[in-house]
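Assemble the whole structure, with the sequences as input and the hints as a guide.
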Amino acid sequence: MAKQPSKKALQEIHLNMVRIRRFEETAGRMAENGKIPGALHLYVGEEAVASGVMQHLTAKDQITSTHRGHGHLIAKGGVFKLMFAELFGKSTGYCGGKGGSMHVCDMNVGMLGANGIVGGGPPIAMGAAFSNKFRKTKDVAVCFFGDGASNEGSFHEAANMAALYKLPCLFVCENNGYGEYTKQANHQAIVDVADRAAGYGMPGVIVDGMDVMAVYEAAGEAVDQARKGGGPTLLEFKTYRFYDHVGVRGMGLTYRADEELEIWKARDPIDLFEKNLIDLKVMTQRKIDNVYAAVDAELEEAVEFAEQSPYPDPAELLDNVYWEEGA
Amino acid sequence: MAKQPSKKALQEIHLNMVRIRRFEETAGRMAENGKIPGALHLYVGEEAVASGVMQHLTAKDQITSTHRGHGHLIAKGGVFKLMFAELFGKSTGYCGGKGGSMHVCDMNVGMLGANGIVGGGPPIAMGAAFSNKFRKTKDVAVCFFGDGASNEGSFHEAANMAALYKLPCLFVCENNGYGEYTKQANHQAIVDVADRAAGYGMPGVIVDGMDVMAVYEAAGEAVDQARKGGGPTLLEFKTYRFYDHVGVRGMGLTYRADEELEIWKARDPIDLFEKNLIDLKVMTQRKIDNVYAAVDAELEEAVEFAEQSPYPDPAELLDNVYWEEGA
Amino acid sequence: MSEAEQLEPRKLTYLAAITEGVSEVLKEQDNAFLAGEDVAGAGSVFGIFGGLLDEFGPKRVIDTPISEKGIIGLGVGASATGCRPIVDIMFMDFMGECMDEITNQMAKMRFMFGGAVNLPVTVTTMSGGGRNLAAQHSQCLEAWLAHLPGIKVVMPATPYDAKGLIIAATRDNNPVFVVLSKMLVAEEGEVPEGAYEVEIGKAAIAKEGGDFTIVAHGRMLHEALSAATQLKALGVDVEVIDPRSIQPFDTQTVIDSIKKTHRALVVHEAVQFGGIGGEIVAQIQELAFDYLDAPIGRLGAPFSPVPFSPVLENVYIPNADRIVEKVKETLGL
Amino acid sequence: MSEAEQLEPRKLTYLAAITEGVSEVLKEQDNAFLAGEDVAGAGSVFGIFGGLLDEFGPKRVIDTPISEKGIIGLGVGASATGCRPIVDIMFMDFMGECMDEITNQMAKMRFMFGGAVNLPVTVTTMSGGGRNLAAQHSQCLEAWLAHLPGIKVVMPATPYDAKGLIIAATRDNNPVFVVLSKMLVAEEGEVPEGAYEVEIGKAAIAKEGGDFTIVAHGRMLHEALSAATQLKALGVDVEVIDPRSIQPFDTQTVIDSIKKTHRALVVHEAVQFGGIGGEIVAQIQELAFDYLDAPIGRLGAPFSPVPFSPVLENVYIPNADRIVEKVKETLGL
Ligand SMILES: Cc1ncc(C[n+]2csc(CCOP(=O)(O)OP(=O)(O)O)c2C)c(N)n1
Ligand SMILES: Cc1ncc(C[n+]2csc(CCOP(=O)(O)OP(=O)(O)O)c2C)c(N)n1
Ligand SMILES: [Mg+2]
Ligand SMILES: [Mg+2]
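Residue numbers (the numbering used here), protein chains in the order written: chain V, 1 to 327; chain D, 1001 to 1327; chain R, 2001 to 2333; chain C, 3001 to 3333.
The hints are simulated quantities; they were obtained by calculation from the structure and are not laboratory data. Heads up, a few of these hints could be off.
Quick list of in silico lysine-lysine cross-link-like pairs, DSS-like style, CA-CA up to 30 Å [what the hints assert, rightly or not]: (1) 2260/R x 183/V; (2) 1228/D x 2059/R; (3) 2328/R x 3259/C; (4) 1183/D x 3027/C; (5) 3059/C x 60/V; (6) 183/V x 1136/D; (7) 3059/C x 2260/R; (8) 1281/D x 183/V; (9) 8/V x 287/V; (10) 166/V x 3027/C; (11) 138/V x 3260/C; (12) 1183/D x 3259/C; (13) 2259/R x 1060/D; (14) 1281/D x 1007/D; (15) 2027/R x 1138/D; (16) 3059/C x 2326/R; (17) 2259/R x 1166/D; (18) 183/V x 1183/D; (19) 2259/R x 183/V; (20) 2059/R x 1138/D; (21) 2059/R x 1060/D; (22) 1183/D x 1138/D; (23) 2059/R x 1136/D; (24) 3232/C x 228/V; (25) 60/V x 3260/C; (26) 3326/C x 3259/C; (27) 166/V x 3059/C; (28) 3326/C x 2260/R; (29) 3260/C x 3326/C; (30) 3260/C x 2259/R; (31) 1136/D x 2027/R; (32) 2059/R x 1166/D.
Listed below in structure tokens is the structure:
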């Protein structure tokens, strides 16, 4: 049976959701202000998935992420300062400014990187899971990927291998109904990506991705199963991104109706959860407000840090192309 | 309901099965004698699949094939002479000696080529099916591929696109239980490749691939469906190759037991079918014997032709790298 | 349109020239279609295919799943069976996803089959850095393609060539890659109305000059031209050659120039090591050895992935200033 | 083993040297494993990994599905998390299936992540023609790999180097490709027992000579050596250099030789256009321009896919006779 989350766990989940939401909104603003070069893919609306899944993972469990990776990193324990500095292209960032938004990573908390390649994550997570089993750790590797990514051959090969070797691996599909500007119905003939699980010999589970408690419960079972040597699971979370594929436009997009957005926003995962938390008397509104205030303060500091940080020295360009003795 | 094959159709199927069997046995002998350079992958044991499926196809329907492609070409209308000449590396062969066993093709009968790349066929067949629909023909494109190939990403992408666009496309998995020297159980966690169909939104059908009547019936329905615009089907035929992955050894292989082979040989698709034909009074033993005699005579002639044919002129090396005006 | 207006040469952006080129093709060839990730509804990145869905409808302008192997397979299978597809691989960086379909099917099918099949398929893709998109969205990988007998590769640097090469590519009965440059989308230039071809395999002399030859394709052409302007001030009259086509490569035009100038620099945005510049230099020194007064220089990207941070990307991508430096070095100025 | 036996230098085939190299690695490194298509039960093509399953068991010698993207992903993910995998891509021709995983993940991860990760992964693969396996099973594609900052590429030509480079590759904390040659499996040579390394990035002077430099790697080394013997009879004393490592490339050893011989030919089995030979020539002419008495020649495969028919394949693959011709041509003999 599903583990009931402790009060502390619920608060941590909530904190992560708020951290993600506020981080993304701040990043969006910074991009508008021209502080963030390149492409920015916001995770707003999908917070329940990263937060609910990650609650079951330790810093030694690994995850791979996507181009929409900030939420994954934050929920895995990412540090705002290092994230903003990276998004700004500063030398103090997670990647020393070499990666940017699409490549933030934190090996110390088992976050094997955001990834600019759609479908780039699953084979790597499968490899990490193989390594966990090989090294006889109890760690689990989780790949996050989108509905669009489920059409890449890389997903297929990784899923087959993970099931074949019974690896401690989770395939977490964040089905937000779109791959870029293409509706799911126009990129696959199926409605549920979870239907693919049977073809690999693993369970497939469909979950409301706006309900963080449902996410938490489903992920908990799958993680337990994987840790016990029971092999991989494909978890599909139905979710939605509130902003455009890239950038910060929310409404008035040509490829989706504002009404659709409104329907999903009415089920904003944070609103839903906060109502729940109050109903369950886990948190009061005041406590919740305090969370936002604390997060915002931390964000402000992080942005300040990033702004004050220097750009990389051009002389660093060729560093870390290779591992070098003593470098 | 399934079409009942006419007497003529049954005889054609039988002829194709015998043509394949005898061609392969002859080719095996030629390889042993050093007449066929390179690698030779024999189709013996799997004749029912090619023969049963192809009976529903016209010369305008297209197929893509595999490294084990002789059977597909023969059943699609391939000419022995041109095949042997190609296998021998002669200028009179299907590819002018440039392709060999792994690349025999005959565009005139819609055979888009054997393929040395495992999983190479499905995307091409999907493209041909797209073309059929685009050009509003009633033609169907069929890809043959193995159980091993079903683990390649290319299969996944092609299957998804075929289902999405409702293409007149058949995915025919020849599940012979092995990818090279690896048992199916060691390359995928599933028993039935057909289980993958649901993940694309197409029907998946499991069929006894040693029973050509079952093959005929299942393929007939799928081809009809595709021709009528009903979209693709994944057909899985359980079959077995009587010889080694490559070359002509049958018994004493390290990776499979002779007993296993014996069990499958007891269900030799040609034996089964001939018993049937006699029972149904479609053919007499004498008529059957005549088929073998005629096929053998044709083979002898074809080998003779291939042997007498010249090797390509080295000056032809750079021909047909590109299409050229007037060339 | 009045005659007066037609006399005034028409200017278009590189982006609009691409769109117009594809539009001409779809008008001209009934069996042509355009397929790729987000090419229809969204008009692809930067809108290079904007409006084509409205103009030609969903039967001929088709969004695909994110399945690069499938997309190339679609192009191969459809072109082998009577269509003339244009398939799009959004960013050149994603070509790795489908290099097998490109290398082992598209490039070899005709040869392996002894000429039994034609593949009139065009592949469009966007290359290059400069937009802070980091290591996986900024590459120039034309060297991979040029090494593959059986396909052609063109890289238009101007709106005129973009349109003309797209049309030539689609009329060609061979697979042709049209590698576009994402930093050139706003570049303006004269573009005639209607259909015209730029010959595949023919270099352009973008600027004549007698003292020094610079060979530069794609975005680098513009850096080379601006370097030429700077060098003019130093009294060096540079000839700038835009190969336009990487495969086949117009060696003769380059050799003719070098026989006049005796010195050359080959510039590309791709990583220098193993880039197409090596091939060009090797050919030049073989065919014009006695005409060379100095080693042929090369300028490509340094040996690292493309970095994200603008300050790093700026020093990473070759530009006019570094071209000038290299030329001065060769000339001992 | 007695001392007397040890004094007698031990000979092994290239094939046995590969097997022994991997065996040493698996003995030495607890977190090393070997994974690939049919590497375990069948010992891979030609049996290069024969017996390793019996020696090390199924936990460390692992058959994979036919899933090249998965195989490279396995290598990347496992090496990022504490293992030292050896993953095998059976034939180099199949690399197209996983070029994205190689290019965009394996080669770039360390750089993109600012050094936060090491990827001590080794990829083995078989290259080249000569066995009438036609266009999709005979290619040399090292030029693709050498163009990718972040990975190393070695191509051993002798049993000694095969073993030593496999060991060096697996001890390296970077991704290293060990590209083996399928025509050399029966080649014999001295191979010491136990573990030893051949330095990655260091060329070997396979034969000293003062008149002419031939640079040739992989199978072509042997053709070059046999050409050198033929040329000796004509009074030409050839120096033969085996780069062994394509990335990094040991330019200095080549330049030193050319400063002595003033003439050179670069040979490889890959298609000449866009092959690594262009890079080598471009570097030589840049660094040793004043020492060159003639253009540097190149000899690679002609511009076509590899043909099946033995008569065509024989004229396709560069060999000793054609090397001799090219050298004579350069020397005006
Ligand atoms: C291999 C590859 N192909 C295409 C792209 C371009 N691209 C970036 S994000 C994206 C859509 C991804 O959709 P999905 O997987 O559903 O993730 P979402 O953006 O919805 O979170 C595409 C096509 C890419 N980055 N990589
Ligand atoms: C992309 C690719 N990977 C690996 C191979 C090597 N190979 C040739 S046949 C084969 C096994 C194919 O198994 P399956 O698809 O089941 O077909 P079967 O041989 O059983 O008919 C393999 C691994 C290949 N040719 N192409
Ligand atoms: Mg999505
Ligand atoms: Mg099989």
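Now for the hints, and whether the structure bears them out:
Among the hinted pairs, residue 2260/R with residue 183/V is inconsistent with the structure: their alpha-carbon atoms are about 58 Å apart, more than 30 Å. Between residue 1228/D and residue 2059/R the alpha-carbon distance is near 18 Å, which keeps this suggested pair within the 30 Å criterion. For the hint linking residue 2328/R to residue 3259/C, the alpha-carbon distance of about 26 Å falls within 30 Å, and the restraint holds. Pair hint residue 1183/D plus residue 3027/C holds up; C-alpha atoms about 28 Å apart against a cutoff of 30 Å.
Restraint check for residue 3059/C and residue 60/V: the C-alpha separation of about 22 Å stays at or below 30 Å, so the hint holds. As the CA atoms of residue 183/V and residue 1136/D are separated by approximately 26 Å, the hinted pair is consistent with the 30 Å bound. Taken as a hint, the residue 3059/C and residue 2260/R pair is broken in the structure, with Cα atoms around 66 Å apart against an allowance of 30 Å. Distance restraint check for residue 1281/D and residue 183/V: the Cα-Cα separation of roughly 56 Å exceeds the 30 Å cut-off, and the hinted pair is therefore not satisfied.
With a C-alpha separation of about 13 Å, the suggested pairing of residue 8/V with residue 287/V holds against the 30 Å cut-off. For the suggested pair residue 166/V and residue 3027/C, the alpha carbons sit about 26 Å apart, so the restraint of at most 30 Å is met. About 61 Å separates the Cα atoms of residue 138/V and residue 3260/C, which puts this hinted pair outside 30 Å; it is violated. For the hint linking residue 1183/D to residue 3259/C, the alpha-carbon distance of about 57 Å lies beyond 30 Å, and the restraint is violated.
Of the pairs offered as hints, the one joining residue 2259/R and residue 1060/D is violated, with about 55 Å between alpha carbons and a cut-off of 30 Å exceeded. For a cut-off of 30 Å, the pair hint linking residue 1281/D to residue 1007/D stands: about 10 Å separates their Cα positions. Restraint check for residue 2027/R and residue 1138/D: satisfied, since their Cα atoms lie roughly 25 Å apart, inside the 30 Å limit. This hinted pair does not check out: residue 3059/C and residue 2326/R have alpha carbons roughly 55 Å apart, beyond 30 Å.
The straight-line distance between the Cα atoms of residue 2259/R and residue 1166/D is roughly 59 Å, outside the 30 Å bound, and the hint therefore fails. Under the criterion of a C-alpha separation no larger than 30 Å, the hint pairing residue 183/V with residue 1183/D is inconsistent with the structure, at around 39 Å. Proximity of residue 2259/R to residue 183/V is assessed by CA-CA distance (about 57 Å); at most 30 Å being required, the pair is judged violated. With a C-alpha separation of about 17 Å, the suggested pairing of residue 2059/R with residue 1138/D holds against the 30 Å cut-off.
This hinted pair checks out: residue 2059/R and residue 1060/D have alpha carbons roughly 22 Å apart, not beyond 30 Å. For the suggested pair residue 1183/D and residue 1138/D, the alpha carbons sit about 38 Å apart, so the restraint of at most 30 Å is broken. In summary, the hint linking residue 2059/R to residue 1136/D is supported, as the alpha carbons are separated by about 11 Å, within the 30 Å threshold. A distance of roughly 69 Å separates the Cα atoms of residue 3232/C and residue 228/V; the hinted pair therefore is violated under the 30 Å criterion.
For the proposed pair residue 60/V and residue 3260/C, the alpha carbon gap of about 57 Å is over 30 Å, so the pair is violated. For the hint pairing residue 3326/C with residue 3259/C, the CA-to-CA distance comes to about 20 Å; that is within 30 Å, so the pair holds. Taken as a hint, the residue 166/V and residue 3059/C pair is honoured in the structure, with Cα atoms around 13 Å apart against an allowance of 30 Å. In summary, the hint linking residue 3326/C to residue 2260/R is supported, as the alpha carbons are separated by about 28 Å, within the 30 Å threshold.
With a C-alpha separation of about 19 Å, the suggested pairing of residue 3260/C with residue 3326/C holds against the 30 Å cut-off. Proximity of residue 3260/C to residue 2259/R is assessed by CA-CA distance (about 28 Å); at most 30 Å being required, the pair is judged to hold. Between residue 1136/D and residue 2027/R the alpha-carbon distance is near 19 Å, which keeps this suggested pair within the 30 Å criterion. Taking the CA atoms of residue 2059/R and residue 1166/D, the gap is about 13 Å. The hint holds against a cut of 30 Å.
Hint check: violations occur at hints 1, 7, 8, 11, 12, 13, 16, 17, 18, 19, 22, 24, 25; the rest are consistent with the structure.
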